[in-house]
Structures are given as structure tokens and as C-alpha cells.
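Asks: Chains as they are written, first to last, in this note's numbering: chain A, 1 to 439; chain B, 1 to 407.
Calculated directly from the structure, the hints in this document are not laboratory data. Heads up, a few of these hints could be off.
To be verified - Derived lysine to any residue pairs resembling SDA-like cross-links, with alpha carbons at most 25 Å apart:
| # | chain 1 | residue 1 | chain 2 | residue 2 |
| --- | --- | --- | --- | --- |
| 1 | A | K21 | B | V351 |
| 2 | A | K21 | B | I229 |
| 3 | A | K28 | B | Q83 |
| 4 | B | K231 | A | K266 |
| 5 | A | K70 | B | S333 |
| 6 | A | K28 | B | K231 |
| 7 | A | K28 | B | T380 |
| 8 | A | K415 | B | T92 |
| 9 | B | K231 | A | P308 |
| 10 | A | K415 | B | I401 |
| 11 | B | K290 | A | D104 |
| 12 | A | K187 | A | Q73 |
| 13 | B | K363 | B | W100 |
| 14 | A | K21 | B | R85 |
| 15 | A | K415 | B | H375 |
| 16 | B | K290 | A | K266 |
| 17 | B | K231 | A | A310 |
| 18 | B | K89 | B | Q378 |
| 19 | A | K21 | B | K290 |
| 20 | B | K231 | A | Q73 |
| 21 | A | K28 | B | T92 |
| 22 | A | K415 | A | P439 |
| 23 | A | K266 | B | A294 |
| 24 | B | K290 | B | Q378 |
| 25 | A | K21 | B | S333 |
| 26 | A | K70 | B | A294 |
| 27 | A | K21 | B | K103 |
| 28 | B | K283 | A | N434 |
| 29 | A | K21 | B | K283 |
| 30 | A | K21 | B | T171 |
| 31 | A | K21 | B | S81 |
| 32 | A | K21 | B | N349 |
| 33 | A | K21 | B | W100 |
| 34 | B | K231 | A | K70 |
| 35 | A | K21 | B | N383 |
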Amino acid sequence: MKTLKQHIYIIAGLLLLGACKPEIHTPKPVAGSADFSRYISVGNSLTAGYADGGLYLAGQQVSYPSIIGKQMQAVGGGTFTQPLFSTAQANGSGYLSLTGFNADGTPITTAVTSNLGIRGQVTVPGFGNVILYTKYSGDINNYGVPGIKLLHITYAPYGNLNGYFERLLPGNPPTNSTTYLDFVTAKPFTFFSNWLGNNDALSYATSGGAGDVLTDKNTFAYLYNVLITTLTSKGQKGVVATIPDVTSIPFFNTITVSAILAGVQKANPAVQALYIKALVSGSTYTPRAATANDLIVLTFPTSKIGQPVATPFGNLPYGLTPYTPIDNQYVLDEKEIALTEDYVTSYNNTIKTIAAAKGLAIFDAYTFLRNIKQNGLVVDGVSVNSNYISGGLFSLDGVHLTPRGYAIVADEFIKAINDKYNSSIPRVNISDYNGVKFP
Amino acid sequence: MRKVLLLMLIVSPLMAFSQGFQVNLEGQKQIGMGHTGVGTLQDGASVFFNPGAVAMLPENYIQGGISPLFFKSDFNPAGTSTQNRTSNKIATPFEFYAVWGPKSSFWKLGLGVYTPFGGLTDWGNTWQGKYVLESLNLKAIYFQPTLSIKLADFLSIGGGFVYNHGSVDLTRAIPLANSSGEPGQAELKGSGKGYGWNAGIYIKTESGITVGITHRSRVNTTISSGNAIFKVPTSIQSSFPQPNTFTSTIPLPATNSIGFGFYPCSKWILALDVNLVNWDAYKTLSFDYKTNTAALQDTHSARNYQQAVSLRGGAQYKATDKLALRFGGGYASTAVADGYVTPEAPDANRVYGTMGLGYTLAKHLDIDISFEYEHLMQRTQTNIESQLSGTFKTDVYIPGISLAYHW
């Protein structure tokens, strides 16, 4: 029995051994040739964390710069502060939420209007109404301003025209005169990311080519040079992103000509075509039958189709005759697409050339998102693609990203930074971030 | 004595894997000697190791044992210093054997109940690979009635019929978040059965060396109406119909073995085994759902396992009449090819070392204990299907104990 007792001790010892955990030794993350101690992000809505048609706290918290900033802390990055909406006003500008599906599977979205961060509205003569949000006065690392174009960065009155920028400035409209460029560079920084320029093409595209204009290519090149020169004036390093192919977003690929036509033909098989106002050249538009190459915007109210419209030839159904074409604002037609793509290509060449000349890291968002549109992407067992809602990448507005989309983008920025500066900022755990939330 | 055996049978058999999801814990004496036992003759565990040798056993046996197993795996996602570890769950492979035949007759009957395959991994629901796997509990319990016949003093043969009761319980997260941001979850749970056989030859050569050759057949285990449970947000529940069932077949591969026993002097036994496991039978892991929807399609996930070899060596030293000391070790090549490593079986080439101790408690009663340490080589992989990328490292600690009553 004495031996048995000894055995018990041996077994107990062995059980303790069983508590050993395997450990995979990884090299300590390093900053490489960059200094991440104060990282700032320059950009528009994508940078701000805008999603689901609004800027709100939950979206801000998963903005791609905040994800990058968090990862940078492993390699000497400082605190990354964002101009967050308060918890009491967490819904910020308001946003869309998915509240269900119709019988035919189409989504129902509802505007969230409670707990907003809106303090009022002013009318700017000659411009229009500007919504004013609750002011933010703390430190800022994320300078993302929804709606801003590269065109605006040196325009002094801009702080009175964009509520999201006005919110960050101390003064009230119309007294603001700080340019965006001066604002972001007022405080020293060591590293930056820049993803400006999207709206110089996107605002034209999402308005169906009707409500906005493409920024002139030379102006774009001039301003981009000013921007990068200023951002790197003290030897700062950084990363820039190219402008995505605007036609790769679900905003243009969810409601299609063929789907609308099929719906109409169910009720009226005689209908042959949808009619749109299409660009001929310059600002000349003529009606013609729509083809699969024309893109309908996500916000097009399809119920308008077939409604009687008064014309000199009597009442005719909306969208179904050359006399009652679908309004320009709902369609990015083939020629408008070609025009947009031409400008985006030019902007991107500018971005890549200037960034290369300054030795900056480049995240080629154009190629990356285009590739996802064509082939999809699998990350950590999750399939994502560019489809509306089900793709998991784009939020309910069909333009901006979901938390999962922003995490994927943050990871791509980090890859580009690590490659360029021989740093090893830890990669992002994409599986921590969700796609669209379902009720 | 009987109480102890009963207790061992009651303990639910959860397992972890060794090489693919094979578990090599079928006899404490044999574990102590580096899992050898095809070409040597120790006790009732020969029912598993070599049914051909059973008729050569000088006595009848009832024995049972258990090997509580600590499977510790670590995953380091590529480009990070994060360590994702499996939670501390103890799998309990067990073995039970009964061998009986009239004294000095030419035949013996045997029964083996053991757990040759299984897996118990729980990575939790917050780790990086949660959409690939949260947890897996795979069990196979083989029941093997056996007949062995001594054809001559130097030659015996035997074979057994195998009935397998298999079960699986697999969970993974579904990347569809509800309004509070929690992802969905799929659980596939069910049990099934499969059949196979087991045969062997045992030879005592004139030079004193003993030789065993065995074949254990493939056992296709089919789960025909497992429960497919999906937790998803309410608005998309209709895409994941409930209740739903699934069918899946898992091939448990055939094993061919040859083993040798050497007896340099009366106190020593040396053993050497070589196994060839036909893991190449495991091509895909498929789940065929009874009710499909556009969102819920049958899954066919490539596994493309490859044949695997293990080399095992061990020794026993009889220190006194009552006490035997054992040690051994071996090497096993991985069944999982590059690009196919999954968190279900983060397999890699492995080395292991074992030691054991046998003690005669009373005239007919032996107690055996063993300890095994397995080390899986660190393996950095990007899975082709899930794109989960990182480094796996696994250590396994397995103490074991058994009692054998013989007369």
C-alpha cells in the first residue's frame, strides 16, 4: 500500500504538469522607421466612421482610424481620441436601422431619430440650411469630416457650411474661418493617414450626375500636392488611400434596370423598356431606353414607376415612355459612369504619384474593393462581398462600410504601413467586428 | 474490483486526438511502452493491439483503464502576438477488455470496448476563428467481440467484429449579428454508427523474436439524423428552418501495423511497432441538411487528409517480481496536408515520450499507470477554405491508470 501512496503522489504531480500551457513565441512588435506617437487621420465620412446614412457613436467607435490607432499602441502609438458623440446623444445625426424584410425579401429600414446630437440649424445665405451638431471641444486624432471634398481643404468659410466640421470648431457660423488643412495641422503629429478625395467623385455619382460636379483634375492634383506637402512638412510619415471605384458599391448595384423592368412586366407584359434621361455630352441630356450599363441609385423609390405624369401628350406612365423618363438624379447612366471613372483614374494617378514621391505608404482601395466586388473575400471563415446587406461589408446606406468592412480596411492600411516602414503593427482581428445588424 | 471497472465505464468517454483525430490510448502497459503492442503479448489489450495474439495469452483477463487527457492547443493569429488557447477540458479515453478461454485450449474469446478516435476542443466563442469552429466533441466507442485461434505453438490468428457508436457535437459562430451585436451560432449534434473488423497474426520465431501483423478496417460512421440547431436573428430565422436535421458520414480510417518483440534477457522486453494509417480516406467533411434554403446550403468542406505513419518503440524492465518499469516513445507524421489544418484538429508531426509502472497488487491483480507527453511541432498555416492564418502549437499530457484481474 505504501507504494500505491507513492503512485498517488506521482499522479498528482503529473496532473500538475497538465496545467502547462503551450506558448507561441512571437517577436516584439516594432515601429520600424516610423514614429506612431501621435497619429492623426485625415479624411471624410469613411474616416469619421459614418455608417448607415449617419454619424453616430457606435459607428465612430469602430472607425478604421480608431482600429488602426488601437493597434498602433503596441508599437509606441499614443492614445487615439475621436470627437465622439456623448452617450446621451449617441445617435448623433440619426441613422438607418434594419427593422425587417418585406414578403419579397426586400429590406425595410427605419430612421433612428431619438437621442440625437443636433443643436439646431442655420440658414447660410446663398448656400442653404446647415444642421448644427453638439460641439466637441476635446483633443482630436480622428479628423474625419463627413461630406468633405479635397476641394474644400483650403476654403476658409467651409467651417460654416458643413455641420460635421462646424461641430469641431470653436466658433458659430458664420464666424468660422479656419480651413480644414490648418485645423488638422494645428497640433504637432508624427504620423498620418489620408483618405480624402472620394467625395470629389462620389458626390457627383450618388446624385446621379445631377446634383454635384466632379472636381477638376488639375485642381485635384494641385490640392493633393498642397495637402501632402503640408502633412509631411516636418518629415512626418504616413499612409494614403486611393479612391474606390464608385460603381463597386451596392448603392449602384442593388436596384437594377432589369429587376425594375421584370417587376413592371409582371403586371404589364407589353412594356419593353425603362426610359432614362441620359447624358449625350457636356450638359446635354436626351431620353433613351435604359440598358444594363446604366446604374440606378439605391434610394430610387421604385413605386414611382408607372405613375401617371402630365405631359403635352396627356398622362403617361413614369419611366415607361421617352416623354416621362426617370429623373436624372436617380440614374448614373453609362456616359456619366465613364466620366466618373475617367476622373477617378486621374485622381488615383495623382494620389499614387505624389505619395510615391514623398515615400508614403499607399493602400490601393480602388483595386482592393474592385477585387472584392469581382471575387469576394474570405477572412477568418467569414465570406464577405459587395452585395447590399448580405455581403456584410457595406452598411445600410450602400456607400459606407459596416464595422466588419472598416476592420478589413483598417487591416489593409496596417499591411501597407508595415510593408512600407518595416513596422509590425499587429494585424486586426476581423472576426471581432460585425456586418449589418439584423432585428 | 468490479466496482472500479463499473465506475470506469460510467465515466463518459470524451477524447482528444492524436494524429488527425486518432487516439492511441488502448492499454496502460502498452502506453507505458510507447504504444507498442502489435508484436508483444502483455494482457487483454491484445484484443485491440493484435487479436491474433489473444489465443497465446496464458491466462484469462478482465481489465479496464482510463487516460484523462489534457489537450492544450495555442493559436497565434498571423501578424499578432495574440494567443488563443483551448479551454481546460479533460477528455477521458478509456479501455475495457475481457478475455476468456478454457485453460490450455487452442482458442480464446475476447471483448474489447475502447475509444480509438475522438476529439475534444473548445476554443470558446470569442477567439479569432470562432466562425470556423467554437467547439468540437467527437467520440467513437468501438465494441469488438473477438475470436483467436492458436494454429500451432508458434502461430496464432484472430479477428474481431467492430461496432462503432459515434457521436459529434460541433458549434461555430454564424456571422449574422442580432440587434445587440451578438453573432448567431450553429450547433450540429447527433450520434450514429458504423461497422468494421479487426484481424491479426502473431508469430513466435525460432530466434525468439515475436512478430505481429494486424489490420483494422476503415469504419464509416454515419450520423443520419443529427440535430441542426441554428440561433440567428429573428428576422432571418426562416432562412435557417427549425427543426432541421443533418446527415454526415465520417470515415474512421483503416490502420495496418507490424510489430516486433525482442527479449534480450528475462527481465527485458523491447518492442517496436510501425503503423500505416489510411487517413487518405478522409476527403471531405460534409453536412447534408434535410431542409435547405438559399442561405442554408449543404456544406462540403475539403479535408484531403493523407496517409500517415507512426513509429513506436518501448521497453519494459522487470525490476522485481512485482514491479515492472516501462518507457517508450515515438514519432507520428501528420495526416493533414498544408492548407488544410483546421482548429478541429490542429494536427502536425509529433513526437511523444511515455513512461509507465506496473505493480502486482495481489496474486491475480495488476495495477498499471502510465504517463505520456506529446509535443506537436509548431505549424504556421493559412487554411485554404477559411483563410484563417496563424500558428498552432499543441502539447498533450496524458496520465493513465488501469486494473487488470487475471486468472
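Asks: None of the hints should be skipped; say for each whether it holds.
Replies: Structure-based check of all given hints:
{"no.": "1", "hint": "A:K21 to B:V351", "in the structure": "17 Å, holds"}
{"no.": "2", "hint": "A:K21 to B:I229", "in the structure": "33 Å, violated"}
{"no.": "3", "hint": "A:K28 to B:Q83", "in the structure": "14 Å, holds"}
{"no.": "4", "hint": "B:K231 to A:K266", "in the structure": "36 Å, violated"}
{"no.": "5", "hint": "A:K70 to B:S333", "in the structure": "41 Å, violated"}
{"no.": "6", "hint": "A:K28 to B:K231", "in the structure": "39 Å, violated"}
{"no.": "7", "hint": "A:K28 to B:T380", "in the structure": "18 Å, holds"}
{"no.": "8", "hint": "A:K415 to B:T92", "in the structure": "44 Å, violated"}
{"no.": "9", "hint": "B:K231 to A:P308", "in the structure": "46 Å, violated"}
{"no.": "10", "hint": "A:K415 to B:I401", "in the structure": "51 Å, violated"}
{"no.": "11", "hint": "B:K290 to A:D104", "in the structure": "24 Å, holds"}
{"no.": "12", "hint": "A:K187 to A:Q73", "in the structure": "20 Å, holds"}
{"no.": "13", "hint": "B:K363 to B:W100", "in the structure": "18 Å, holds"}
{"no.": "14", "hint": "A:K21 to B:R85", "in the structure": "8 Å, holds"}
{"no.": "15", "hint": "A:K415 to B:H375", "in the structure": "33 Å, violated"}
{"no.": "16", "hint": "B:K290 to A:K266", "in the structure": "33 Å, violated"}
{"no.": "17", "hint": "B:K231 to A:A310", "in the structure": "52 Å, violated"}
{"no.": "18", "hint": "B:K89 to B:Q378", "in the structure": "21 Å, holds"}
{"no.": "19", "hint": "A:K21 to B:K290", "in the structure": "41 Å, violated"}
{"no.": "20", "hint": "B:K231 to A:Q73", "in the structure": "36 Å, violated"}
{"no.": "21", "hint": "A:K28 to B:T92", "in the structure": "38 Å, violated"}
{"no.": "22", "hint": "A:K415 to A:P439", "in the structure": "34 Å, violated"}
{"no.": "23", "hint": "A:K266 to B:A294", "in the structure": "23 Å, holds"}
{"no.": "24", "hint": "B:K290 to B:Q378", "in the structure": "39 Å, violated"}
{"no.": "25", "hint": "A:K21 to B:S333", "in the structure": "23 Å, holds"}
{"no.": "26", "hint": "A:K70 to B:A294", "in the structure": "38 Å, violated"}
{"no.": "27", "hint": "A:K21 to B:K103", "in the structure": "50 Å, violated"}
{"no.": "28", "hint": "B:K283 to A:N434", "in the structure": "32 Å, violated"}
{"no.": "29", "hint": "A:K21 to B:K283", "in the structure": "32 Å, violated"}
{"no.": "30", "hint": "A:K21 to B:T171", "in the structure": "24 Å, holds"}
{"no.": "31", "hint": "A:K21 to B:S81", "in the structure": "16 Å, holds"}
{"no.": "32", "hint": "A:K21 to B:N349", "in the structure": "19 Å, holds"}
{"no.": "33", "hint": "A:K21 to B:W100", "in the structure": "44 Å, violated"}
{"no.": "34", "hint": "B:K231 to A:K70", "in the structure": "32 Å, violated"}
{"no.": "35", "hint": "A:K21 to B:N383", "in the structure": "24 Å, holds"}
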